[in-house]
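2 protein chains.
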Amino acid sequence: MLAMMGRIGIQKIFLGILLIDVLVIRSVAADNAKDLKIWPLPVSVSYGHDRLYLGNDLELTTDGRMYSDASGILKDGFFRLLHILNGDHVIEANTFHFINSSLVIEGIHVVIASSGNELQHGVDESYKLSVPMQGNPSFAYIEAKTVYGALHALETFSQICYFNFSTRVIEVHQVPWTIFDKPRFSYRGLLIDTSRHFLPIRMIKKVIDSMTYAKLNVLHWHIVDTESFPLEIPSYPKLWNGTYSSSERYTMAEAAEIVRYAQRRGIHILAEIDVPGHAKSWGVGYPSLWPSINCTQPLDVSSNFTFEVIDGILSDISKVFKYKFVHLGGDEVNTSCWTSTPHISNWLEKKGLNESEAYQYFVLEAQRMASSYGYDIINWEETFVNFGSKLSRKTVIHHWLRGGVVQQATAAGFQCIVSNQESWYLDNLGTTWQEFYANEPLMNITKPKQQALVMGGEVCMWGERVDGSDIEQTIWPRAAAAAERLWTSYDNLAKNSTEVTERLAHFRCLLNQRGVAAAPLTGRGRAAPVEPGSCYKQ
Amino acid sequence: MLAMMGRIGIQKIFLGILLIDVLVIRSVAADNAKDLKIWPLPVSVSYGHDRLYLGNDLELTTDGRMYSDASGILKDGFFRLLHILNGDHVIEANTFHFINSSLVIEGIHVVIASSGNELQHGVDESYKLSVPMQGNPSFAYIEAKTVYGALHALETFSQICYFNFSTRVIEVHQVPWTIFDKPRFSYRGLLIDTSRHFLPIRMIKKVIDSMTYAKLNVLHWHIVDTESFPLEIPSYPKLWNGTYSSSERYTMAEAAEIVRYAQRRGIHILAEIDVPGHAKSWGVGYPSLWPSINCTQPLDVSSNFTFEVIDGILSDISKVFKYKFVHLGGDEVNTSCWTSTPHISNWLEKKGLNESEAYQYFVLEAQRMASSYGYDIINWEETFVNFGSKLSRKTVIHHWLRGGVVQQATAAGFQCIVSNQESWYLDNLGTTWQEFYANEPLMNITKPKQQALVMGGEVCMWGERVDGSDIEQTIWPRAAAAAERLWTSYDNLAKNSTEVTERLAHFRCLLNQRGVAAAPLTGRGRAAPVEPGSCYKQ
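Chains X and W are the protein sequences, given in the same order. Here my numbering is used: position 177 in the first sequence is 177, and no number is missing along the way. Here my numbering is used: position 177 in the second sequence is 177, and no number is missing along the way.
If you're looking for bench data, these hints aren't it; they were derived computationally from the structure. Treat the hints with care, as some may be off.
All copies of an identical chain are treated as equivalent in the list; a pair is satisfied when it fits inside any one copy or across any two copies.
Heads up, simulated DSBU-like pairs for lysine-lysine below, C-alpha to C-alpha not over 30 Å straight-line [claimed, not checked]: (1) 350 to 75; (2) 537 to 280; (3) 145 to 206; (4) 182 to 128; (5) 324 to 205; (6) 238 to 537.
The whole structure should be built from the sequences, with the hints applied where relevant.
As structure tokens, this is what we get:
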């Protein structure tokens, strides 16, 4: 007994504070979540009061029976975890010298139930993360159905680790942990716009990395638009003459690299080829796509060549963009260039179509072509609002503009994605993080059948007045507020946004520590801090 | 002949464009620099019209006779070059298949004349970079006196490489190159302020990396000030109770890591411990340093403890900060808390000192202590203005406020650093890049002896209203404009800032490609782009 007491005494000297307390199980609820610093909040969390230390040589161990990690997705995710843990601080304590080795977490043991690593819509992203107190040596444990759930678990684990400035080692507090988690919505997106401002590949990769911290899982890449066409299209190589400059371009190999980079992090890339509007840049290389030299949008509906080009684009991108969906745009179509251009108005007359019917014809033809390449289609809401009954029933309606669209579309049996501009447009600097947090995708949708049709939502980083110099702070932390709305169980969401201020501030500072230029919480979007102060209070 | 012609024909098919032209030697002058895209502009540049291709497996070869690179500084610099070249684009061509292998640059051959790798003030940073047309295989050649000159050469080399969207390989245009280069000033600084806002280590490292792109070589780390004291001081461990929060701190090991990270990139870290003003935060842990609980600045000049603490700080930092200089501040000293606090005014009376003499006494005592640790001292200009004749002759005067100080200080034989606030304060968002570019450190200093006393200059990123979320775009590109003023030979500088707009825009976009959030050129400091457009035109 005396020897044991002596050992405990020595441990106290070596290890500093060692708290032993009665195990307290807490189910997470919004008011108890004050103690938690995890963002977004998991489905179910129980934690205690003990502390473990992260070993200097943390290792990854796996079950290996089902999931072999042949492509190294899990291993790379683990290395990214180590990079995050080791890059923020300098660890000075040598955990090999700790007398009580059971207090040292030596590794993370990951068991993944499925053998494949295909990332597709609706993939199981659930996980269980546990950090038990017992163990000699101690381990953290992850169980997941797929490797993508395991990646989420590693992210959550990174958020319960702390560098202790006294012990100079990374610690896990509030042990033992048992976390069950899965997302509320399967589609949790962020739109970026590389037409209004070109974004270098490295910047896009940084955005993808930052998305993983908040468990966002779809990067909606609005690649081309009126102002520029930066993507290589091998079938029609003059299309990218519509770039701003010869260097502000993406080759197909680079697009494939972005898809690969994202996929290995559990993120889908949704390519958008917006037609028939928002397409002026297409005509720089192929002027015949314009109704006329003076009337350059929408794309010429009367011309077979227009649809040959669209088909070529879809054919090329289908080789690279493997997400189940493609976004065909279809928003803000001003048809006056059709009716005012003689050869097109003649064509309309011959076909017996008015402008609105021509718009419908265009969208349906584009849908048909995209389907032939195996895609399911997402379209902006105007297509539903104008000719919903004619759309392919599998169309996903992307709501951005008019109130009531989500109710109407789901009532008509369509799936929906929510991006209502008054709440989830990141380029609206006046929209506060509280408003981002409070925006409920199922607002006014009460029937379970309709609720089930809402795939999720997306915050939109339109690029008219944003480029690589300020995109990160315009996205974060407001996108994080929406990310919790999309991940966390409805009952665990704060009813009043201000309740999560401290936890979001903590997440914002975590982003800064990881090199992500997340803006202060106070003020408008991307506001600079107005005075000296702590990261946690601004 | 026919066979040769046939081979040339095949080469043209395989390699695309192959231009052979008469060799044109151009010495760089500001107006010819329009063709160059290097920033900052080198001393002497000759180039041609030919093109070489960068081999897929670019290798580093060295002479080895003098410089062994035992600590891997050169090798790491080379890997950073590869990371930059390969990370921006996806290389698709296989240079091993090029028929004419003499067109492929297989490696960079580096010869360094000195054996050591000590980084100290005045280290030789010169280099010669040549890319000859002849060679089978072709090589780029670097000669430098020190490894730090070689690092600059690698940076310049990275700026003459281009990803060609047709050949899908990195090319070097305008071959053959012969570049001789060295800095005009040996001190080319950037100040960061981690007291007004804590900057995570990762952010500081990003700033250091970005400095290397513009060949800045001193990071003036204004570590502590009124608002917070984030640095661990082992001799007086309560000093960092003055942090904003328990996590917004740097351990000494982390400070050492920053020094190491910078040193391996050729950058000195200048630590500033500003006394006796700007020091309120010191008293959070040691309230006796304050004149009184209600009057908390400057540090109590009457107390031995004050100087014991300063001595402890200097002792601790001297173990980590190995730059020849330490900055002791001494600016903006409001002595009213001395005269209004009884025990101090009594002490002044006893010592026969007025407030001004007490200020002088304080600064000289701090200088004496810093000297005892082997440091040379930098002080802000008020010390010179108020008691220049009493300062140690080796003091370097840091000009920021009053016109004429540099002329007066150099006339009195002092070395100077220039940071005049109306031109080189980055937190002044209204100061344009043109004004940064045009600010001449030797303005009105005509005598060669006095000119030689101007060590260089520094742009200051004060942190009152800047944090990790917006520091990069507040620094860049305006700091780059100053970086050229400090590096480039006076005769090669543009007499009118607007002449370098295109080249600076190119450098800004290069920074973006490398993941540095450099702001558009147009508008105020860190202004967002006002509309869609090309990086090169905003």
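Structure-based check of each hint:
When the C-alpha separation of residue 350 and residue 75 is checked against a cutoff of 30 Å, the pair qualifies neither within a copy, at 61 Å, nor between copies, at 70 Å. In the homo-oligomer, the alpha carbons of residue 537 and residue 280 lie at most 30 Å apart only across protomers (20 Å), although the nearest pairing inside one protomer, at 45 Å, exceeds that limit. For the homomeric pair residue 145 and residue 206, the shortest alpha-carbon distance inside one copy (27 Å) is at most 30 Å, but the shortest distance between copies (37 Å) is not. Taking the closest pair of Cα atoms, residue 182 and residue 128 come within 30 Å of each other only inside a single copy of the chain (9 Å); across copies the shortest separation is 58 Å, beyond that limit.
Taking identical chains as interchangeable, the C-alpha atoms of residue 324 and residue 205 lie at most 30 Å apart only when both belong to the same chain, with a minimum of 21 Å there against 40 Å between chains. In this homomeric assembly, residue 238 and residue 537 come within 30 Å of each other (Cα to Cα) only across copies, at 22 Å, whereas the closest approach inside a single copy is 51 Å.
Checked against the numbered hints listed earlier, the structure breaks hint 1 alone; every other hint is satisfied.
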